[in-house]
Amino acid sequence: MVEVNAGRRRPSSVVSLTRVPELAGWHREGDEIVLGACLTYADMERGELAALVPALAQAARTIGSPQIRAVATLGGNIGTASPAGDTLPVLAALDAVVEVAGRAGGRRVPLLELITGVKKTSLAPGELVTAVRVPVLRGGQEFLKVGTRNAMVISVVMVAVVVDLDGQSVRAGLGSVAPVPVRAREAERYAGEHTDWSRGRLAGPAVARRFGELCAESTAAIDDHRSTADYRRRAVAVCAARALARALPPLEA
Amino acid sequence: MTETVTYELMVNGERRVVEGSWLGESLLFALRERLGLPGSKNACEQGECGSCSVRLDDRLVCACLVLAADAQGRSVTTVEGLTGADGDALTDVQRAFLDEGGVQCGFCTPGLVMSVHDLLDRNPTPDDLELREAISGNLCRCTGYGRILAAARTVVARRGEASLHESEGPA
Amino acid sequence: MTVTGERTATAGRLGHSAARPDGVPKVSGQFAFSSDLSADGMVWGHVLRSPHPHARIRSIDIGPALAIPGVHTVLTADDVLGDNSFGLEHADQPVLAHDVVRFTGEAVAALAADHPDTARRAAQAIVVDYEPLEPLIDAEEAITAPPIHPAGNIFRQLVIRQGDTSAEGEVVVEATYEVGMQDQAFMGPESGLAIPDDDGGVDLHMSTQWLHVDRDQVAACLGLPTEKVRLTLAGVGGAFGAREDVSMQVHICLLALHTRRPVKMVFTREESFLGHVHRHPARMHYRHHATRDGRLVKVEARIVLDGGAYASTSGPVLVNACCFAAGPYVVPNALIEGWAVRTNNPPCGAMRGFGAVQACFAHESQMDLLAAELGMDPVELRLRNVMKSGDRIPTGQVVSGAAPVEELIRTCAAVPLPPLDPSPAVMSMPGGSGRTADPARVRRGVGFAVGFKNLMYSAGFDDYSTARVRLEDGVATVTCAAAEVGQGFVTLAQQIVREVLAVDEVVVAPAETVTIGSAGSTSASRQTWMSGGAVERAALAVRARVDAGEAGPIEETYEHHHPPTFPLDENGQGVAHVSYVFAAHRAVVDVDLDLGLVRVVEIATSQDVGRVLNPLQVTGQIEGGIAQGVGLAVMEEIVLDRGLVRNASFTDYLIPTALDMPDVTIAALVEEPEPGAPFGAKGVGEPPTISSSAAVAAAVRDATGLALPRIPIRPQDIALA
Ligand SMILES: Cc1cc2nc3c(=O)[nH]c(=O)nc-3n(C[C@H](O)[C@H](O)[C@H](O)COP(=O)(O)OP(=O)(O)OC[C@H]3O[C@@H](n4cnc5c(N)ncnc54)[C@H](O)[C@@H]3O)c2cc1C
Ligand code: FES
Ligand code: FES
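Residue numbers (numbering that gives the first Met the number 0), protein chains in the order written: chain A, 0 to 252; chain B, 0 to 170; chain C, 0 to 720.
Think of the hints as simulated: they come from the structure by calculation, not from any bench. Wrong hints could be hidden among the right ones.
[Unchecked claim] Now the stretches of chain A that chain C is said to cover, found in silico as 3 or more residues with beta-carbon under 8 Å:
1) 54-63
2) 136-146
3) 149-156
4) 229-242
[Unchecked claim] Computed list of chain C residues with no C-beta within reach of chain A, every gap over 10 Å:
5) Ser58
6) Ala76
7) Ala90
8) Asp113
9) Arg160
10) Gly162
11) Glu226
12) Thr290
13) Val296
14) Arg409
15) Ser432
16) Gly433
17) Val502
18) Arg598
19) Arg610
Quick caveat: nothing in here was measured; it's all calculated off a predicted structure. Glycine included, C-beta positions come from ideal geometry on N, C-alpha and C.
With the hints as constraints, model all of the structure from the sequences given.
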């Protein structure tokens, strides 16, 4: 709509997805949550869903304003495929799988394969996101977003850290630091190896710091009018370390 | 203009027909330019200022981000559709904005009035952060928000007193 | 002398928080802002703007635009009916660019069409062949660079020499400071409606700050006598300086005359950012000399303001920056040099604080630096040098009116500090809902700043306002062309007339240029004094006739001039100002040391007001002005990349939201009546913006220990330092 108001896009037809009831809402299927594409951020922010996928709720609360969150949808965040899409690092960290429907039928694609570049997806013309599947995990989840204002701000950096106590893994999704959401695999491996999984604690505070540095190394940040590449790398390191230390409190050094 | 469309909107409880409109028009444009309801304001048309806030069914939205044709069959409430209790033309929120000095240039005011109503309908006793978060999508450049927050707090207090009196019953 | 609460005042009169006459329409959505106007047969105007900061126009082909159904006319420089140039101080800006464009956003063509979308498409269809030229983007370079305009690159150069310019202090501190380009970012976008008349003239309904000067500029560009341009003020959604210059006024009038139809234009937010002047970015090199016991010996300053492509008010802004460069202190010796220059950046002009804001950031940063060097408390250092009534500013002019600076500093500094929250909610820490804060890495800082500036126009400008008061059947009507931009002049006008004539019903007639003379601009914190004074005197004249027993309708008009001022001489000396106003601010901030995110916790302030005429309006001006100061300190900046504006939207030009704006504690409104001022009252609009940015910057320095010589302070300035 922003593009239409500014005359940059001129629709000759529009599809209103919000009236399709199957796309709204969410439900649980075993160990998975199925999030409808028309789920709004307001729906994600609180209630039972927020307890099941806290990082998603934390991300949702940082998006736009209450008025935006009342109507803007998860499907829209994916469809927009902006490097600054706030739910995307969370979905990346959760290994979310996107359900796509098109004339030729449906398919399931991992989020990281669906998003191919700045505002680019592998969706074929006529294809729609109908739902997103994310796992229900036992373990801490943290989403941190850096912006230069306390509300209504486009991310300068985002970090999502998800701990899977049962699978004994740490996963990190980073945003606004590359054309597409980034998984910090090296950092994840390092954190996994330096966690006392029997107690659910990091081996020590230095682990969080090193994890942060490794996360920063996995970025391809750039300078733009919102910030600089150097700051973004620093902010990723700081936020990732803080996120991990909250999700897996370190044992004393 | 290219192809035009005609549709019907339910605005402030009245059926209104929009004729000859271009499909790309926002609800804000339709309200302001086609239905003679300029109370909802147009400070950005990008969803970034909240001056166009209206109630769409039970949700507060930015009218500039809603395709007018997509609002068919829904109920739209704008600032023009607000009325106070006991025959007062103004609501308690509008009164409080005046009493507390929440209005300067007034461009943000209709949107903020809608936001404060929306908040207090959902949460009658917000704390300071809840209040600030609820209006964080409404930019005001004149007031620094101080008098607007004061107005919202005044409404909370007045409603609290009123319900207290009610529950106490006639002496 | 300090008011704490509201004193007894008669409802609706002076001293009382009288209700705004436009309040009910504004809360109910009935108030007609300029963007709400319409007329039968109206078409939509639109302006095509340059995408280049500097380019030669080889050719313009409007054919493809004219071919679009619904397009009524497309105008270029050749269609301008009168002078193709306008400007407040110097008419150096083309109405429509003819051969060269000098900034991104410069108007190249104007058109009218049946729908805003058609108009936008038509603008996109115009083919302009540009030959891009190297943009001149550095203000320092512009001083010596080849001229980019026939009038040269230097708008104004100024030297102020006071006392012994070779004096040396025992202690010297020196630094270079920078202020980024701030935008007024009012909410109501520029908009207007021009209606052609049968007599060849035009009725213009416009949101502006200065009706008569708009009219004069428009008439010259239309080639019409001034009386054929009739301007009526349409509802103004904030101004803050950005509506002092002409934006679309000439364009819509030209379109109306060419199409013979009413033409409405409403800027998008992007056009608004590109289409009005901004606050001047400044580069300021300072050297303060002091004795070892903390007395200022000399201030040396070199101030360079980037005026952008056209003159606007760059000259007077520079005069202000230089006159107030040393702050409200006793400075026996001074050498202050200033330049305001032309570049290919967006034009800069008036914004709340008008040159004093930039200088204040520098002089207050210097005072802190000096305090640190001397091992002295920063507040104590300020008190030791504080200006009093009877002292001189560096131009040699004596501050003859009220100057309660010491009381401002003492009362503001005495406010108890807000308590540290032992377990703060995440929303109330730096980073807010982004949940980034680690309480162990958050530091609190406290900063203090004092600032001052002139009230009214200075340096020889014949500044006046005209008002008429008519009393008939117990109802008074005020006519005055003072632009109500939100500040509350309409309320004040009613209060004054009620007070003087002891009537209850006072009607404020629409501001226009047909039946009344100029009221001057709603800027320089001058309307309370100038137009308030004009209304008072017109009302007094009416009362005199009532007292003399006259019956029937009585009408009096008064033209109120302030005492004359004079241009500065070649040493920057002279009586250039009428009166000064002062404020002090103390900021408390929390800073995330690792991420560089700042949360402003509280601003305490004391302000010199002369007399409180409407307590609620004074509070509103103070809180709103502080919000703009906080914004400049930590987030607001027009980001330029080789002359291109990178953030012309509210998505990326960030102004404080309710979650960013701290609580404001008003420690004292110091009421020391100003001699010569109507009711003893001083304007209150600008002081809140002057020193609040400097106070926030000082607080962030206190928290971080960093020098931070530039505002806005960006997260990377802290995190990567
Ligand atoms: C003022 C403002 C502030 C914002 N702030 C943020 C922010 O802080 N963080 C953030 O991440 N985003 C932000 N956004 C972007 C926006 O909120 C998201 O992209 C949002 O999720 C869009 O949802 P929507 O339902 O409105 O989608 P639409 O705007 O309707 O669509 C957006 C795009 O996605 C496509 N699309 C929509 N649904 C689907 C689907 N089911 N399948 C495939 N494609 C689809 C559309 O075709 C379109 O290209 C902001 C937007 C605005 C206007
Ligand atoms: S006009 Fe709709 S949010 Fe600004
Ligand atoms: S009162 Fe002017 S923008 Fe809020």
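Worksheet item: Which of the listed hints are not met by the structure?
Response: 15, 16 and 18
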